[in-house]
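2 protein chains.
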Amino acid sequence: MIKIAIDAMGSDLGSPIVVEAIKNFLKDYHDVEFSVVGRKEQLKPLEGMVEIINSDAVMGMEDGALEVMRQKNTSMLMAIDLVANKQAQAVVSAGSTGAFLTGATLKLKLIPNVLRAALVSPFPCENGRSVTILDIGANNENTPAHLVQFAKIGSVFARKVGGVTKPRVYLLSNGAEAKKGSPVVKEAYKLIEKENSINFKGNIEARYVLSGEADVVVCEGYPGNVLLKSIEGTASMMNKMIKDAFKMSVISKFGYLLASKGFKQMKGKLDYKKYGGAMLLGVNGVVVKGHGSSDAYAFYNAIRVAYEMVKLNVIEELKEAMQNG
Amino acid sequence: MIKIAIDAMGSDLGSPIVVEAIKNFLKDYHDVEFSVVGRKEQLKPLEGMVEIINSDAVMGMEDGALEVMRQKNTSMLMAIDLVANKQAQAVVSAGSTGAFLTGATLKLKLIPNVLRAALVSPFPCENGRSVTILDIGANNENTPAHLVQFAKIGSVFARKVGGVTKPRVYLLSNGAEAKKGSPVVKEAYKLIEKENSINFKGNIEARYVLSGEADVVVCEGYPGNVLLKSIEGTASMMNKMIKDAFKMSVISKFGYLLASKGFKQMKGKLDYKKYGGAMLLGVNGVVVKGHGSSDAYAFYNAIRVAYEMVKLNVIEELKEAMQNG
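These protein sequence lines are chains A and B, in that order. Counting from 1, position 32 in the first sequence corresponds to residue 32 in our numbering; the numbering is continuous, with no gaps. Counting from 1, position 238 in the second sequence corresponds to residue 238 in our numbering; the numbering is continuous, with no gaps.
Mixed in with the good hints there might be a few duds.
If several chains are the same, the list does not tell them apart, and a pair holds so long as it fits within one copy or across any two.
The list that follows gives simulated cross-link-like pairs (lysine-lysine, DSS-like), each with its CA atoms no further than 27 Å apart [claimed, not checked]:
no. : residue 1 : residue 2
1   : K261      : K243
2   : K240      : K23
3   : K179      : K109
4   : K179      : K72
5   : K240      : K201
Just so you know, the hints here were simulated from the structure itself, not pulled from any lab data. Owing to the predicted nature of the structure, the values given are computational and were not obtained by experimental measurement.
Hey, can you work out the whole structure from these sequences and the hints?
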C-alpha cells in the first residue's frame, strides 16, 4: 500500500479542488491510502475514504522559509511530519513554495552526501518528448559541485520516471561551446565531463531547452527559475494572443471552429497541468509541490506524480546514485 | 549628416541582405551616409551610393572575444575602427556577438565611470508596449554595482529611444518581494532603492517581464541571456505549433483563411525583427548588433536603431547620466 500525506489547505482555489482530486484518484488507483491534513469541516466529503487529520492553521501563500518552522500546527508542516515519522511515503502541497521546500528539507533531511536539494519539473517539448529541468528555484546560489549532483539526480529521475534508458544531460549556458557561461557553469562543465555515470552532452542555450534534444537540463536555481517562468510567461502571453486572434470577428470565430482540432492537440502538447507540479529531489521522501493555482485536474496529477515516485522507488535509487557523492 | 559604419560580412545570409537593407534605407532617409566594409566585389551594387572600404578578412561566427583583436583586418574590426577614429558615429554588424562586443568595448572604450557595458534590447509586450531588458548577455558575471548602472543606462534608453517620460524600472528576480533573489540581486535591490534618479518599482518575476508593467528590466548578463533565449525559444516553438495546427487538414487550412487577419496582427505584435537587434550601451559610440539570421528587413531595422540613437544623442545623455557613476 502506498501512503500519501496531503496538505489540503495550500491551494489558491481552496480545499474543494483537493477533495475532488483525491476522490477521483481513489476511483482510479486502489493501492493507495491518504492522510489528509486540513480543516475537518471542509474535508467532510472525504470521511470514511481517507484518514482526516484536523489542522486549523494554514500557512499563508506569502509565508516564506523563515515562517514555516515557527508555526508548528499548520496543515503543511503536519503533512510533512507524517513523512518524517514514516507514516506516509510522500507529501503533496499546493501551498507557499518557499515554506514547503524549507519545511520539507528541515524535517525530512537531505539524503546522505547530497549537498543541496533541487526543485525539478518535466516540461513538454516541441517533438512530444519531455525534458527534466533542475534546479528551477529551490536555491538562490549554487556551486559547481551542486550542479554535478543535479546532473546525477536528474539522470535518475529521467530514467526511473521518464523511462529514458540513458538520459542525455545538458548544462544550461549562454552558448553551446564548453568555454561559454558564468564562472559556476564553466567550472561545472569540467566536473560533469569527468563523471562516467552522467551521459553528458555539453552546454545548451535556453532557446533549445524545449527542442527535445535534451532529457535533462541542469542549471543553478536562479537562472533555472528565470527559465521556468519565462517559458510560462511567453506561453501564456501567446495563448492569450491566439484567443484574441480568433475572437477578432464572427468570421475568425468560425475559423476557430474549423481549426479547433489542431489547436486542441496543441493545447494537449503544452499541457503543463498534466505534470501537476514540481518535485523536491534530494530529501528523504517524496515531496511534490502542486501549482498554487492548481485545479482538481492539476492536483490529481500532482498526486499521481507522488504515487509514481513512490511506486518506482525513486528515493532508494537516488540514495544509491549518491552513495559516492 | 549622420555617419554609420557597416560590417557587411557578418550576416549568416551574406552581404546581399546588407546591400538591400542599405539601398532601402537610403531611399527612406536623406541625412545619412554609410561607410560599408567588406569584400569589394560583393558591394558593387552600392557603388556611388556609399563609401566602400575593402576587407577580405571575415570574422567567423564562432570567433569569440579572444580572436577579435588578433585579426586586425576583418570587416568587423575595421568598421568599429571607423567609430573609434570619429569617421562614423555608429557601427552595425550581424557577426559573432562575442567578437563584436569585445572589439567594440576595447576599441571604443567605456564611457567615463561606466563599470561594464550591457547588451540591451527592447521586447514587444502583451499590451502593445515594449520593455527594455539589460544585460541580455554581454557579461558572464555581474556585481550589484553593475546592476545599479544598468538601471540608469536602461532608464536613459527607455526615455530617449522609447519615449517613456519616467521609465518604471524593475529588477529581475525569482519573486516579487524585496528579500527574494540571488545574493547579487538582493544587494542590488538595496542599492537601486537608494538612487533618486531611478524610478524603481521593485522585483519582477520572469513570467511578468512581457506583461507591459515594466519599461526597464535589469538583470545580470547570464540570467538575462537565459530570459532572452527562453522567450525566443518558446515563441518559436509555439509559432511552429500554430502552423501545424492550421495545417492539420483541408478544413483547418480553411479555418486559417478565416482567422488570418487576427493572426497577422498577432505576428505584427510579436515581430522581433522590427527592433533589428541589440545595442551595446556603455561605450563611446553607437553599437548595434543585428541578429545573425537577419534578413534585409531586420538589418534595415538594425540600421534604423543606430540612426535613431545617433539622432537622439543617446551617447551624450548616457555620459551625462553616468557623470557621478
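For each hint, the structure was consulted:
no., hint, in the structure
1, K261 / K243, "both (15 Å within a copy, 13 Å between copies)"
2, K240 / K23, "neither (32 Å within a copy, 38 Å between copies)"
3, K179 / K109, "between (35 Å within a copy, 25 Å between copies)"
4, K179 / K72, "between (48 Å within a copy, 23 Å between copies)"
5, K240 / K201, "between (36 Å within a copy, 26 Å between copies)"
Hint compliance for this structure: hint 2 is the single one not met.
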